[in-house]
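Peer 1: Each protein sequence line maps, in turn, to chains E and A.
Under our numbering, the first residue of the first sequence is numbered 1, with each subsequent residue one higher.
Under our numbering, the first residue of the second sequence is numbered 673, with each subsequent residue one higher.
None of these hints come from the bench; they were simulated from the model.
Be aware that a few hints might be false.
The list that follows gives simulated cross-link-like pairs (lysine to aspartate or glutamate, DMTMM-like), each with its CA atoms no further than 20 Å apart [what the hints assert, rightly or not]:
hint: 1; chain 1: E; residue 1: Lys422; chain 2: E; residue 2: Glu473
hint: 2; chain 1: E; residue 1: Lys143; chain 2: E; residue 2: Asp623
hint: 3; chain 1: E; residue 1: Lys404; chain 2: A; residue 2: Asp843
hint: 4; chain 1: E; residue 1: Lys411; chain 2: A; residue 2: Asp719
hint: 5; chain 1: E; residue 1: Lys520; chain 2: E; residue 2: Glu500
hint: 6; chain 1: A; residue 1: Lys840; chain 2: E; residue 2: Asp149
hint: 7; chain 1: E; residue 1: Lys404; chain 2: A; residue 2: Asp855
The primary structure of each chain is shown beneath.
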Amino acid sequence: MSENKPVLEVRDLCTEFNLRNRNVYAVNGVSFQVSAGEIVGIVGESGCGKSVTCMSVMRLLASPPGNIKGGCAMFRDVDTLKEEADSQTMRNLRGGKIAMIFQEPMTSLNPVLTVGEQISESIRLHLKMNKQEAKKRVIELFKQVRIPDAEQRYDAYPHQFSGGMCQRIMIAMALACDPELIIADEATTALDVTIQAQILGLLYEIAKERKVAIIIITHNLGIIARYADRIYVLYAGRVCEAGTAGQIFKNPGHAYTVGLLGAVPRLDDDRERALVPIEGTPPSLESVPEKCPFYPRCRQRVAACEEPGLPQLYEIEPGHLTACKNNSLNRDVNEGKSLERVRSKAEVLMSVEDVSMRFPICRGILRRKVGEVKAVEHVSLELRKGMTLGLVGESGCGKTTLAKTLLRLYKPTGGRIVFQGKDITNYTSSQMRSLRQDIQFIFQDPFGSLDPRQAIGDIVGESLRIHHLVKTEKEYEERVHELMDIVSIPWAFARRYPHELSGGQRQRVGIARALACSPKIILCDEPVSALDVSVQAQVLNLLERLQRELGLSYIFIAHDLSVIRHISDEIAVMYLGHIVEQGSCIEVYNHPAHPYTRSLLSAIPIPDPETERARKRLLLHGDIPSVTEQISGCCFHTRCPMARPECAENTPKPVWVNEERTHQVSCLLARP
Amino acid sequence: MKKRAGEFLSLMYARKLVFACFVVILLIVLIAIFAPFLTRHGPYDIDLKNRLAGCTADHLLGTDNQGRDLLTRMFYGTRSALLIAAASIVVGGAIGVFLGMVAGYFGNWADYLIMRFTETLLAVPGIVLSMAVMLVLGQSTWNLVFAIAISTIPTYIRVMRSQVMSVKTADYIASCRIQGGTDWHIMARHVLPNAISPIIVTATMNIGNSILSEATLSFLGLGIPVPQAAWGSMVSEGFAILRSNPRLSIVPGCAILIVVLAFNIFGDGIRDILDPRIKNNI
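Isolated chain A (complex conformation) (with noise of 0.2 Å):
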């Protein structure tokens, strides 16, 4: 295991673009752990007497309407969208599974109900279903894991049942069930484990999605409840006054781009890596 790991980072050194979102990603983590020993200020702290001041030594990136610090923001912000990103991918990705290991094990009649269902999820853009699915529960942080989680469904069901009904196939699949072994069995114990390397895959590069989701969702206002820093939501805050400050709405905004990008690079660059085929070339 221990030389796995060893064989997979340095594989990841030889590719220096996503070995370099792996360092972001990585610091955007330790960023988001540690985030209230960097900074002096707390996230809510409002000074209404250094409203939208400017770069200062106290204030690193000066401060926002309230005369709240936008650098200790944004730090907390890391922790929302990670949060909510990470839950939402749980979230989708346990009942995406479990749903696609379904309709793909047993077919027939489960997997035609699932498969309408899921067609149903696609009908709908996911933005839309997020916010319909926020504007119906109402804002709370669960709500909008929920939210996002919804329209990542899809395509966790899809892989899920494609790589099932390959792998169903298999002989020992059929050597289990001439052991004995019931569905559940089986299912658990051969199709998981080895139908489940693809879905790793769409959920680290699902996770850049999920960030820009919530973002959304909050910029719109039906993301996390306000007090509380999402970039998304101080994306919306600084865009009234974006002439005069234009520095509130393009810090969030940038934070969002470069996460986004380094999730979606290092997911790419994972299932490369992953992928026998492409492995030797390297």
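Next up, chain E with everything else stripped away, as it sits in the complex (with noise of 0.2 Å):
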């Protein structure tokens, strides 16, 4: 395909903002290109410059602040960097020729336009087709990205879709005006792992077929392994390495595309790996760097690295490219290193019996319960002491309200929660205030569960007040230096405020917050799913030292099963608030019983385009039910691909599928 000329080529690419008190050096020498039919994937973490590339080809940066400083993009004849942004030429561009899909499904659409019209209207402005003409194309589109019932969904609103099917309808608007270029700036990050699977399954048919070339953007090495056919790994607005997905993932060539490599947990590793993350943070790009801009968190820089100037790409085999100076890296991710886990059969901390967790649904001026909002059904689970219990599932499956449950932050509406032999369900909130010190949290959102207007040092010491563990104002300075410490936050920090820290680091605040009062349990609800990878490392690496120094327990809820499988002891899978799965995690990864998990498992790219082609897919389809639906029978049937009749109608009963007892379904079709 690379004989073709390119659709789109774009050479020397820079781009930088002028802030009103200091200049940001966005994208520096960017270059690549893309050829009809090809997918190509440009990867790296967050404020690398990949979207700022994209936005500046297709002159949709605000400007100001945003400078295109210099560099071309040709897309066909066409220099987009030459036209003026709001010229007619790039208005027929975009949208025309030159689709983009955006990461958020439900606010890139008008929500007081019906989907069709939105999608119509770009067809009557492109292609100058009358009012019935246009409405038959759409809803000819709306079959083509499968969208059901495309006549009647025509005059539905964006409200009434799924995020899933909502970027089907971005996708369908994408290909309104049958474009050469389609741009996927993130557009599966905000979805489920089955959603997203289905979507970019469907971009990649789209890709081949009709021979458009797409880029996807994205931060998920895994998205790119499996469908991209070239890649670029950008860093600090360069590119850092480029070449073909068979290339880059088994033959790196650049020290950061190992350390990327090293840092993402893989369902196929081995569970003993520890991983390696890349130390610091991306630099903040306030001036051009001098050196390769990867220099002071590389850990495998050599003399060469030293010498100024900007690393220049050079071809290591035909097609693979790279701006690395060290021409004999190490590529084993592993760097020999392994995780010792304490295995054995330890106490009981915190069970969960049969707890459910139901909201009712009020409505009209009587505020009469009309309904329930069934979030946990029936959860049963045993934490034991030491270890870590993954709880895994997609979103609106009841995760966070189990956790929060366990919290006592609500009160369940049936079941028992025993923590420490104490039955604490009925507890009231004094009383479970003196047990607020044993159970802790760890918010998703590092930027929201940090007060904006506490320092540091009092942010981590609050608990210590509140619960009085220490006595003078040394002891608690004390303190609160040791837990800085334990999560390498420098003690200057302890008077700054949070909007002054990076996402690893207010993490990490959040994480020495929760060990303020020496906790048994820590609750860890999706702790690293808004870092960067390279971060997300340090975090999970820090977890399971504490976790070995301090003896907790975990319960750590997440999305992402290669995480979970990398950190848990045992998982438990949750479908629509009923758990589906359970058991030790090694049991349920390697012999998934229930059709849910191994749909989830396959839906899971792994980032070795070699394993991932080989590998057998369990596609789902459909989207998740709403939780106020009430579904007869098993949770699972409505997209159960192996579903029968008796699926409807009997609700399963957990069973073991082993004989040691380790490993629990509930399946109507699992045979014990």
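Two chains, two frames, a set of hints: combine them into the complex.
Peer 2: Pasting the structure below:
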């Protein structure tokens, strides 16, 4: 395909932002190209310039503060960088020849227009069709992106669709005028894994069948490995490596790529592999770097890296370029280290017996109860001392509600929660207050969970004061100092405010806060999902180290099965408030018994194209039903690829899968 | 902190009108503080021989119908206007912020009670409410402060309540609860500091209105007790002889106009400067 003239060719793009008191050099000489029918992946951490690159090419960059300094972007015969941002040519290109799909499907659609109107609008604009023709075309497009009942859905409003369906509509809109290039900017990041697999599969088919060029921008290496033909790895506004998916994953040519691959847990990893984080944080780009921008964080720097001058891309094998000056890279991501895990049957610290949490839906003036949200249904779990219980499931399956119920922020509507032999189900809030020391929580969002008006030191030490755990001011300072040491936050940060810290540092402050009053259990609600992959590994390693040193027990909630697999001893898979499968981590991953677990596992891409292509897939169809719906029988039967008629009638009971009784599944089709 | 103050001033300087108002306010505050040093006359010095005198070197703005120096009384009037306005803002703000926080944080019946109370206050026009309070409580400086404050309370309650309702859903509030913090601890340490900035803007914008209320009440004879200098009562005193001596009403009237305008424009400016969405577009 490379002998064809590329659809888009970008050379030496430079973009900077002129802010009021500083300049940020976001993109510094990025070159790439994409041909018809090819899927190109642009991968990098947040702030590396992926989106700015594409926005510059599309001339969608807000200016000021954005400012394109140089380079050219040839789309067919038009250099988009030479055109006026608002010129007729650019407006014809955007939405006509180049289409874009954004991250947030819900906010990219106008909520007051029907979806059909929104798409037909651009069709009428670009293809000069009349209303009837446009409508026909929209319905045709809806069918192509597999929206069920396309004719009826034409007049629906965006809020009547789920996130995955909205993204399909966005794709339909992108396809509306037969574009030659589609840019998908983190298009599936906000979606659940099973939906993500559907959407990416759809894009893949479009590229291959219609010969459309597609650029996938993402931070997820797995997605790239599965779907991209060629990959550009961006770091600090520069391409640091480019090549085919096979070349990059099998034979990474840049220290940064090697670092990234070592930092992410993989589904096919040896579970004992210790993650190797990339230390430090990406550069702030307030000046154009003088040498390799990755130099300060690089573990494999050589003498040549010291020389001034930005490293240029050079070819190490046909079609594989790198900007790394170290030509004898150690590509072994494991670095020979492995984790020691203590595996013994410890005492049960917390047990959850048949807990349900339902929220009433009230309507009307009299607030009459018209229905129920069954957020958590008949959940039974056991957490043992020093162990990690992984809780996994797609969004809306009740993971967070379950966690909040365990913390007794909600009072469960059924069942029992026993903590250290005491039934805490009916504790009052003042009784709970003394228990709060023992059960702590780490939040998903490192930005929202720290009070912006409190200094870091006060945030960390707050609970010491609440529970009167320290007697003197000196003792307090020592303890805060110690806590900040544990999570490796410099002592000087104690007087700073949360907005001065990076995401990873904030998350570590959150961990220090949770540790302050020496808890026994920490509930971690997606603690790493908002972080960049290199930082993710730092936080995961910290959590594991703390568990070893302090004997903590974790309940670890995540939607990322690779992370859960890496950190958990036991896992529980949740679907629509039910636990469909639970057991020891190795058992569940090696012999998944529930069709939902199997499809979840197959939806997770592995960052290795060869393994990835050889895997068998179990694709789920349709969306997750709403929690207010009444589903008879097995909660999963509406989406289950193996469902039989009896699944809709009988509710499955948990049964043991193996003889050691370490693996339990709730499925009518499972044979004990 | 020093850096932020400098940034604030430079932002304000970028908006000429706001900055001009800031200068006017600064000038008025200085006049209020140094009133005794700015004139040779006292505010109560009656000089019956010199009644209704015109502008002379000794009396720059002339004298009123009891021979008191008009300019001196204007200066002292600044004091009462600013003091009453500031005190009523503090009193009204404190009560409103507390009630609004309780309503927003606890919700349920506390919210219900406080909001019905707010609506009751809102149902009566502010100035009528203040007049009623003054008539019931009798004329004194503190009663006046309370009377003006009570008409501003609903605004603070509503602003604070909506702020608190959005702040209380933040993760750091849940986090403090998980740490074991009591409701009052959470409210004082986390909710209040995070919800207060719109209140500060509202308060700045309210100063002008409070000065106006004070002037209105004084004009009606329900404000500051008589011999004391107040712009409102000065307008009212000059009102009877408006045709022959318009100066006596027009000068304090203009003062009220300028000060109220200055505070309102300044308040608007502060709101815009503090609003991060507008901040970058200057």
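Peer 1: The structure should be examined with respect to each hint, and the outcome stated for every one.
Peer 2: Quick rundown of the hints versus the structure:
no.	hint	in the structure
1	E:Lys422 <-> E:Glu473	34 Å, violated
2	E:Lys143 <-> E:Asp623	17 Å, holds
3	E:Lys404 <-> A:Asp843	12 Å, holds
4	E:Lys411 <-> A:Asp719	78 Å, violated
5	E:Lys520 <-> E:Glu500	31 Å, violated
6	A:Lys840 <-> E:Asp149	42 Å, violated
7	E:Lys404 <-> A:Asp855	18 Å, holds
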